[in-house]
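Trainee: With chain A's structure known, arrange chain B on it following the hints.
Number of protein chains: 2
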Amino acid sequence: MRVGVIRVITISEKEELERHGKLIERLFPGIETVSACIQDQPRGVYDRETERLAAEKVVRLASEMEGNVDAIFISCAADPGVEELKGKLSVPVVGAGECLASLARALGQKVGVLTIAEGVPEPIRRDLRGFLWEKVEGAESTLDLRSRLDSVLQAAKALLRKGCDVIALACTGFSTIGAAPLIRRETGVPALDPVVAAGSVLYNLLCGERGW
Amino acid sequence: MRVGVIRVITISEKEELERHGKLIERLFPGIETVSACIQDQPRGVYDRETERLAAEKVVRLASEMEGNVDAIFISCAADPGVEELKGKLSVPVVGAGECLASLARALGQKVGVLTIAEGVPEPIRRDLRGFLWEKVEGAESTLDLRSRLDSVLQAAKALLRKGCDVIALACTGFSTIGAAPLIRRETGVPALDPVVAAGSVLYNLLCGERGW
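Those protein sequences? They're chains A and B, same order as listed. According to my numbering, the residues represented by the first sequence are 180 to 391, in order. According to my numbering, the residues represented by the second sequence are 180 to 391, in order.
Pulled out of the complex, with its shape left as it was, chain A reads as follows (with noise of 0.2 Å):
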């Protein structure tokens, strides 16, 4: 099964553009993803313009990749472009956002959602049924998640002080930099990356297509 990975960030190295659709690779033996990334958003969507202008670009996209691919997944917690695709194309569409959303659902009763600055993307607040908030101190984009790990384990903790019993990753900034493995290892809560909730949501469509 091949997966579309739509990157909402302008990024121009190879190993880069394609280190989501890789750890969904590494993770789901059977899916195969090829990946593609916006153009001019070099800091990615981080408030409700840049949130608008990926959508669009994220719609086109799409569009493009469809006949060459079995389901699409945008990497980014604030689905831009989703919602208008879903429906409209012959596969599957996905955005972490969503599948993080559900998993977080499922697996726990106070969910403590970890965000940067731009606050809880909007799927996370439609399907989670109340849950705990904090930001990543100082991270205003994505791209700040990389030089802040101490920033999101101290917020990672706060949550854990608020009582939750899971926490959900809400940017795919997270995955990149690896923190759902740093938060379980540092302090025993379970974290629910976003690229991985999305992997595990499209892998049903394989397990289906293989049998067993």
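It is possible that some hints are incorrect.
The list makes no distinction among identical chains, and a pair is therefore deemed to hold if it is satisfied within one copy or across any two copies.
As the list claims (entries may be wrong) - Straight-line Cα separation of at most 20 Å, EDC-like style, residue types lysine to aspartate or glutamate; simulated pairs: (1) Lys-193 <-> Glu-204; (2) Lys-201 <-> Asp-219; (3) Lys-289 <-> Glu-263; (4) Lys-289 <-> Glu-235; (5) Lys-267 <-> Asp-249; (6) Lys-265 <-> Asp-344; (7) Lys-201 <-> Glu-319; (8) Lys-267 <-> Asp-344; (9) Lys-265 <-> Asp-306; (10) Lys-289 <-> Asp-249; (11) Lys-289 <-> Glu-262; (12) Lys-289 <-> Asp-306; (13) Lys-201 <-> Glu-365; (14) Lys-314 <-> Asp-344; (15) Lys-314 <-> Glu-301; (16) Lys-201 <-> Glu-211; (17) Lys-265 <-> Asp-219; (18) Lys-193 <-> Glu-319.
Rather than coming from a laboratory, the hints here were simulated on the basis of the structure. It should be emphasised that the depicted structure is a prediction, and the values quoted were computed from it without experimental measurement.
Mentor: The following block gives chain B in isolation, referenced to the frame of chain A:
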């Protein structure tokens, strides 16, 4: 990671008891399962009364398993006992119904729900906004599915004619007979298996633990 699998049907034969757990182990490397079943319900859950009886037994069984596993999976699309258990134990508890509904929401625009005679399980009605529905002719309980592969396929085709883009198999008896790959092969439409759905939700706990 060790997952406790609770079967809501009384099964004496070891291979049969472990069938759902082994399916999860095969598809999700790194997950190990231990299976147990409720007593005195040889036909499983097929109406309100058997669901109520099962729920009480599931709660007891899960409490006994708690210290010995990292998560508990109630392998029934009606999720008996799941709401009662959530937040009460020291480990996450998920039901096949809620996991299936979550994935179907993300993967389909028009979800076709396939059931036994009992009707659409409550977690599916609660978590899916709008869906198509067919039941398998002559299947009063999960056991009846074994001898009705033709009826399963016919009901799946009826859902397709109604316009669904994904089929949610809303009884774990469909997992026992391998209905998902069969439907996929015969109709081309993706069919979501409730046991695989739960496995893919639980896999997220393991991914964080192992790191990447």
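Trainee: Which of the listed hints are not met by the structure?
Mentor: Result: hints 2, 4, 7, 13, 17, 18 break, sorted rising.
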